[in-house]
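Chains as they are written, first to last, in our numbering: chain A, 145 to 799; chain B, 145 to 799.
The hints are simulated quantities; they were obtained by calculation from the structure and are not laboratory data. One or more hints might be untrue.
In this list, chains with the same sequence are indistinguishable; a pair is considered to hold if it fits within one copy or across any two.
[Unchecked claim] In silico DSBU-like pairs for lysine-lysine, Cα to Cα no more than 30 Å straight-line:
hint : residue 1 : residue 2
1    : K717      : K347
2    : K651      : K277
3    : K651      : K661
4    : K212      : K742
5    : K574      : K628
6    : K348      : K235
7    : K632      : K348
8    : K347      : K287
9    : K732      : K628
10   : K573      : K632
11   : K573      : K469
12   : K574      : K648
13   : K661      : K628
14   : K742      : K661
15   : K571      : K632
16   : K628      : K651
17   : K254      : K212
18   : K254      : K732
Given the structure is predicted, the values throughout are model-derived calculations rather than measurements.
2 protein chains.
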Amino acid sequence: MRFSRLTLLAATLLMFSAPLRAQNTPAAHPLDSLKTQEYWTIYDVLRDSGKLPEGVIFSSVLLHEPPKDKVLAWKPGDPVFREAEVILTRKGVTIEALVDIAGRRLESWKERSDVKPPITEGEYFELNEVIKKDPGVIEALKKRGYTDLTPILCFSDPVGYFALPEMEGRRIMLAECIDTHGVYSTWSRAIDGLQIEVDGTEKKVLKIIDQGVVPVTQAPVNYQDFPLAAYPNTTPISVAQPLGASFTVKGSEISWQNWRFRFRLDPRLGAIVNLVSIRDGDRYRSVLYEGSLSELYVPYMDPALNWATRVFVDAGEYYHGGILKPLRADVDCPSNAVYFSGLAPDDHGLPVLHSQLACLYESYSGDPAWRHYEDHEVGGSGARVLVLRTAAVIGNYDYVLDWRFERDGNIRVAVGATGLIETKSVKAKKADGGGHSMAGAPDEFGHFVAENTVGVNHDHFFSFRLDVDVDGTSNSFVAHRLVKRQLKNPERKSIWVAEPFLAKTEKDAFMDLSLSKPAMWHFINPNVIGPLGYPVGYELMPGATAAPLLDPDDGPQKVGAFSNHQLWVTPYKVDERFAAGIYPTASKGDDGLAIWTKANRSIENTDIVAWYTLGFHHVPRPEDWPVMPVMWHDFVLRPFDFFVQSPVITLPAAP
Amino acid sequence: MRFSRLTLLAATLLMFSAPLRAQNTPAAHPLDSLKTQEYWTIYDVLRDSGKLPEGVIFSSVLLHEPPKDKVLAWKPGDPVFREAEVILTRKGVTIEALVDIAGRRLESWKERSDVKPPITEGEYFELNEVIKKDPGVIEALKKRGYTDLTPILCFSDPVGYFALPEMEGRRIMLAECIDTHGVYSTWSRAIDGLQIEVDGTEKKVLKIIDQGVVPVTQAPVNYQDFPLAAYPNTTPISVAQPLGASFTVKGSEISWQNWRFRFRLDPRLGAIVNLVSIRDGDRYRSVLYEGSLSELYVPYMDPALNWATRVFVDAGEYYHGGILKPLRADVDCPSNAVYFSGLAPDDHGLPVLHSQLACLYESYSGDPAWRHYEDHEVGGSGARVLVLRTAAVIGNYDYVLDWRFERDGNIRVAVGATGLIETKSVKAKKADGGGHSMAGAPDEFGHFVAENTVGVNHDHFFSFRLDVDVDGTSNSFVAHRLVKRQLKNPERKSIWVAEPFLAKTEKDAFMDLSLSKPAMWHFINPNVIGPLGYPVGYELMPGATAAPLLDPDDGPQKVGAFSNHQLWVTPYKVDERFAAGIYPTASKGDDGLAIWTKANRSIENTDIVAWYTLGFHHVPRPEDWPVMPVMWHDFVLRPFDFFVQSPVITLPAAP
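Just chain A, with the same shape it has in the complex:
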């Protein structure tokens, strides 16, 4: 979850990166990404306000979305209303500034000491220097044979909020040092047994926790060095589009087949799709006003101090510099893809250009969209899908994040987890043969993935924010519960029926998946009745997922409380965007979904937002070493009573 070695070394360079020549056009739509000139306007407004303290860090600069009604009323040619929400940090004080970009004025300025800003690269860099100069650390490293500290890097991570009195009002972080000698990929090279508690605000070492020497694993981790060889007789394969792509890109608006939507790349949330609509006859009908990742929560499952405190809330803690990282052509996306660059602010709020942060392509894997065999004839059509792909990289983990638009009206949201696992060095070379997870065993809380190397058990939870607008903004949520009904028939004792349950308030809509209590989750527009007498709707269909096993009142779980249900539904509020709150770093869990929904607000026939939690447990395996094959999870939004017939029925056979 830390930044990588070279990123750290290069951090000073990035701070002075040259002015940007791309992304330089003015915003053409209220929901466009912040543009280069807008970042500079924000900078100028804040500088000219005379309020900027010396040494201030720009922890975050994000587009402040206009309220939905303003966006929906906006027409091309109208002035583009633009605001930025800025988080500034100076010595333990967090400053929230709201800047009216078009008006070039500071709208509000609020200083807070009750919240912690996200981590910045500069903070890592500074703390690395501080730690390596600490006599106690030098001594502890010397005890382990490290006298040349050039190859040593010490990374400080936030520790979650654990209700410890000494943390109150301070920025407590826990550092460990890495022996980077001889390796590119430094994952797995932590010097286990040595933890350093630091004060991230005061930039000083508070405590050295030396739990004894554990030799650093020497397991081969340099995946770059592995000899590559295709299997014999491997022939080339690709997705071919000799006449080019079928989609059109007009600014931030994408049109493809029956779909139309906008998207922007946000430093914190990654790809945000907006104003998603689908053509039905000669009109476009709205499906989603907005969809995006909202938060990520990755708690580890080892009681040791340096693992119990790894309860990353990744999007909200680690987005400085932008959560998205570049894609590689022909690895991440096929050769028919087009790429999009994006901007993210540096420590001074100045825009840095990042290339290939998203790709867009048409995918065809050889599957049918539908088919039927009858009377010796096969009818059907090949399936073609439009994929908008990004990759969020948070240290070791890479999450490939897809919005897949299918011609049958489905939107498939997929997460592919890959990258490296987090491991600890252990004295034992391998498991003792007594089976996994025995008390006191080196792999009690994980699994050997290489010699002396244990991958630590953990979970991944993703919250997706889905602002559904099915044929308009006023929607309701209906759970169709499939319940057994006893029969008195001689033929049959039982069937099931689908009983609709209209959720009137937020608590009605807490949905927990269970095979014994299945339900369909429908978002309907009660004001638009289709020709068959049903309100138009879209269904959210979960895929394989997981629920947390932690105590709900455990500190980390209070912050990652969005994972407590697989579905939540809230009324639309423009500023309710982050499922674990704006400031998850060392949060007490006093913001986010679980807090908002305590008010149990009405969600009936109003503008509502769905929040889907996708999760999985991860016990690492040797096959995840040194890199993990992608593991995909997904969920689907699909039309249900939205169209009057299958949208694929009129497609020709060719994909």
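Dock chain B against chain A, hints included.
Positioned in the frame of chain A, the structure of chain B alone reads:
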């Protein structure tokens, strides 16, 4: 679930189809499909036995698999041991014959009256004629305005076993008639309100159940007639392999990248993969001895007589003529696919050639196999997958069935459900606006999919038989249960740990999915310990699935009892192949998984077989009309402690 109109009309033609010139080579391996000459040998042996009664029907001719030890001991050049198991039917008597093909002799002959053979096309054909000549039926049809019976077809389906005394010892079927006037696709055109009980053995109408006139829906069902039009600017897309495929086909053996396996096309079970092994360094290691679909169970959820009795056990009831139907190039499989034909026996046991019953191709959709971003560099590799695809078509439903081999050692088994839904005509044009499923509403037990047309709720359950042989035949099943552990740490109150549970007997291995009680399902070889101290293993990872909601002692559920758990593990028995028993037709549920496992046999460190149930509930929607977009479900077998590192780490970047 019935055969289609033209199939019925063409049935007599098929019975006299010309001798076959393909599939004519002798069997080269004990697990090869039955060959043309073998079908003729079986026919000759039975004819020459003098035992064949006049008018006998060949209900089933299948390869009788040799015991595993004989197959594993077999080497090329050895004589190929071949047997066929034949089910013959004559006037209510079911005859089981076992034929030694190589020895050209009848090994056994057993006449039974306690079981019901599967449906045959000839049976449909005969009963159609009988029903349409019945004066009562003629009268009932006349009442509805049908005097020209040429366009009328009457289909008889088995009704499951409902413990009704009058069914004992008889072949009771329930027929309904279809008005095929003016349509190709006759689904949805049943004359509702008129049911005809027939005796399938005596070929006579027993009872006419006239529940009143319901006009046949006129909803457009001729999907062939829908005007096809690509969206504007649609450009061609395909999977391109200019130098051809990377796999090799040698008889029934496929080699591709690190995989090697055999397959055959079985009339009852479809594609059966065998002897699946994966290369590790310079040796092939076994993963699966055999994998296939074992059974299909589709109960409908409407108390009306003609729906309560629709509890199809599709593979075992409807496989006459072969459960697989042809694939269409560029619709079902991409242009780089190769196709395989197959044989299925007709009513006389004679082989009929069917083209394009399976396709094999390399798939590349643009996804990465793994990737990692670090230090401004992206490492990774494109994902290429080998797909073995078939389509089982049982009347209205098409199931696309995939075995997907991935280079990371995963085997993904996927089911894509498509085709048409079963509907009933109702007097109401549309829902009354009072919401779904109200008592007495026309859509109480389903959902309007078109005017006057209600798709009836139902389930789909698939049993997959997975004879795992992880590095040899002696395996064990271990469930790693993820359980919460309370901590006394100040930092953390709780974590989870993975607790292994070794299943000693079959009942230990009844696995039910629950988000609150997660477990990993591992098939290990306790006799082969890997270099990290763990027994080698493969994990079965479920995808989204469903469990039945019916009473376990409801008649249909006793037959479809394999759906009661998501996983079962049994000791290997060569003749335990069909999860709902050999004869599910009108079965009392006295054969199959739920019966075998009552013995609670040992499954520890022995040859074991896994049975995975994949299921989903289906409430139809207008978007499923007149054809359903493919809905995919899958599960994965993946290496866990099988390899010492990720098998994809040495792949080059190009897919």
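Hint check results:
1. K717 - K347: neither (37 Å within a copy, 68 Å between copies)
2. K651 - K277: neither (52 Å within a copy, 61 Å between copies)
3. K651 - K661: Result: close both inside a copy and across copies, 17 Å intra and 24 Å inter.
4. K212 - K742: For K212 and K742, the Cα distance is within 30 Å only inside one copy (24 Å; across copies 61 Å).
5. K574 - K628: between (50 Å within a copy, 25 Å between copies)
6. K348 - K235: within (13 Å within a copy, 92 Å between copies)
7. K632 - K348: Close across copies (29 Å), not inside one copy (76 Å); limit 30 Å.
8. K347 - K287: within (24 Å within a copy, 93 Å between copies)
9. K732 - K628: Between. Shortest inter-copy distance 22 Å satisfies the 30 Å Cα cut-off; intra-copy 42 Å does not.
10. K573 - K632: Close across copies (29 Å), not inside one copy (64 Å); limit 30 Å.
11. K573 - K469: Close neither inside one copy (35 Å) nor across copies (54 Å); limit 30 Å.
12. K574 - K648: between (55 Å within a copy, 26 Å between copies)
13. K661 - K628: both (10 Å within a copy, 23 Å between copies)
14. K742 - K661: Answer is both: 24 Å inside a copy and 27 Å across each meet the 30 Å cutoff.
15. K571 - K632: between (66 Å within a copy, 25 Å between copies)
16. K628 - K651: both (24 Å within a copy, 26 Å between copies)
17. K254 - K212: within (25 Å within a copy, 75 Å between copies)
18. K254 - K732: For K254 and K732, only the intra-copy Cα distance (20 Å) is at most 30 Å; the inter-copy one is 74 Å.
Hint compliance for this structure: hints 1, 2 and 11 are not met, and every other hint is.
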